[in-house]
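Student: Model the full structure from these sequences, guided by the hints.
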Amino acid sequence: MKKNISKSQEITRAFVMSVVVLAVILCAGCVQSENSEEKNLRIVLHSGPDTGGSLDPAYKWEGWYTRQTGIYETLFYYDTEMRLQPELATDYKQLNDTEWEIQLRKGVTFHDGTKMDADAVIYSINRVLDPSNSRSVEYSFLDSVYKTGEYTVVIKTKEPYAPAISAFADPVMSIVSPHAENLDTKPVGTGPFKFVSFESGASMDLEKNPDYWGGEPKIDTVSVLFNSDGAARSLMIMSKDVDISRDFQRSDYATLAANPDVQIVSQAGLRTFFLYVNGNKAPFNDTRVRQALSYVLNRQEIVDTALEGIGGVPATGIFSGSLPWNANDQLATCDNDQKKALELFSEAGITKGSDGKMYYKGEPFSIELLIYTKRSANLPTAEVIVSQLENFGIKSTIRVVDSSTIPSECSTGNYDLSLTDWVTAPSGDPDYFLSLHYLSTGSYAAWTGYSNPKVDELILKARTTFDADERYKLYDQVQVLTQNDMPLIPIFYGTDVFALSSNVTGFEIYPNELTVLTSKIDLK
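The numbering of the sequence shown is this note's numbering, which starts it at 6 and goes up by one.
I should point out that these hints are in silico values taken from the structure, not numbers from a laboratory. Fair warning: there could be bad hints in the mix.
Said to hold, decoys possible - Distance windows between CB atoms, simulated:
no.: 1; residue 1: ASP148; residue 2: ASP234; range: 44 to 52 Å
no.: 2; residue 1: ASP216; residue 2: GLU513; range: 18 to 26 Å
no.: 3; residue 1: ASN285; residue 2: ASP216; range: 47 to 55 Å
no.: 4; residue 1: ALA237; residue 2: GLU513; range: 22 to 30 Å
no.: 5; residue 1: SER371; residue 2: PRO265; range: 48 to 56 Å
no.: 6; residue 1: GLY454; residue 2: SER202; range: 43 to 51 Å
no.: 7; residue 1: THR153; residue 2: ALA237; range: 49 to 57 Å
The structure presented is a predicted model; accordingly, all values stated were derived computationally and were not measured. Backbone N, C-alpha and C fix where the C-beta goes; we use that ideal spot for every residue, glycine too.
Tutor: The following block contains the structure:
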């Protein structure tokens, strides 16, 4: 039987239904509001672009910053295990002794919508090879690059060059949009994050690239801060002003490690802290003096004191144990032997007086140590080194300059010793560092006045040797010879240390330090 429903009942039911519908809509709005809340990641780094504020990856070393911040990508990259992986490339093969064919990834667009193809790759590489580019000399082994298809390029070297492919993992070889108007101020890449704004020496703002070929990033926006003060970087993570702090003050490690809102992440990297020795002037042009200086130093004390026992391992040779071609087990450990140091100094005409001081040509032997301080470890390391030299009887002082001043000071010979730090294989191959520092024509060999014909012969032979085992043997010989000549004095191998807020997930450390921000990073 059909029930009769009064008009008042219909009105009541309609009212109730409208309330329910409204509640559902409001609830949905609440959920949407919660889910649509933007995730902003805040990170502080010890330094940013400092050469005129340029963001052009082909300009000096600016590619490091635009690569680390996820703006640019390269044809290849090295993963967290230092294995070469394709990035904007998908595959490669060697055609002959001087040509390599590279297949490019399809379906990739730049942040300005331009297609990433062979033309874009050729444009990017030729920018690096331009003679007006100060870094073009590092890639003088390249003859040309040409395309054989829309997504295929061929790299041609001037002569057989074994590490050719690894060169395209260097940030200077970042692939840029050929239609970008001004790469100095508005970088346009293919990475997970798009450039928004930049204040030289202070900050950079980014937003996610929703069309990223590797999957949409989990973070919506990124605020990158640059602060050269290690103590300030510690305070920023403690006070929750940032979510990630790199290279914080080592003396704050215990405090940060005990903080439940902070997680410490570290990994042995490829960075070596070492001393340039000015072999262009006496008495540092004497191998015995350079060796003696190395024997004066107590590297374990430097690590324990300057780094608070964390963030470094005493060095033997120039390459850390993280690199497969290091020959440290074959090298003399020129460390903490005061008797040996005194013998070598004496042979070189530097003797100890009755007052306990060292003398050279009748005058007190003195050393000035040139440093820059944007890395938190540099000043405390320099202070320990100077203390050890003073205790040995060598009058020593520290001269602090801006990092951008170091090249001009060292290239003109205006220094005795200079403390520096390098990732010795950013592109995954030893030729990079060895050629720059130990080849007699290397730009940094000029700083030390170093030249050894046998070393030149070995480095050049290794370049044309494609058998990996044979290359390793050649590099072993180079390391043995340069350890004896000591144009550079290794101090310690750096450990990359980050302090993260406890809600940061998906963060990984890459040993070559070229990758920091990725699409995997999230805030829970």
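Student: Taking the hints in turn, state whether each one holds.
Tutor: Comparing the hints with the structure gives:
no.: 1; hint: ASP148 x ASP234: 44 to 52 Å; in the structure: holds (46 Å)
no.: 2; hint: ASP216 x GLU513: 18 to 26 Å; in the structure: holds (23 Å)
no.: 3; hint: ASN285 x ASP216: 47 to 55 Å; in the structure: holds (53 Å)
no.: 4; hint: ALA237 x GLU513: 22 to 30 Å; in the structure: holds (25 Å)
no.: 5; hint: SER371 x PRO265: 48 to 56 Å; in the structure: holds (50 Å)
no.: 6; hint: GLY454 x SER202: 43 to 51 Å; in the structure: holds (44 Å)
no.: 7; hint: THR153 x ALA237: 49 to 57 Å; in the structure: holds (52 Å)
Of the numbered hints stated above, none is contradicted by the structure.
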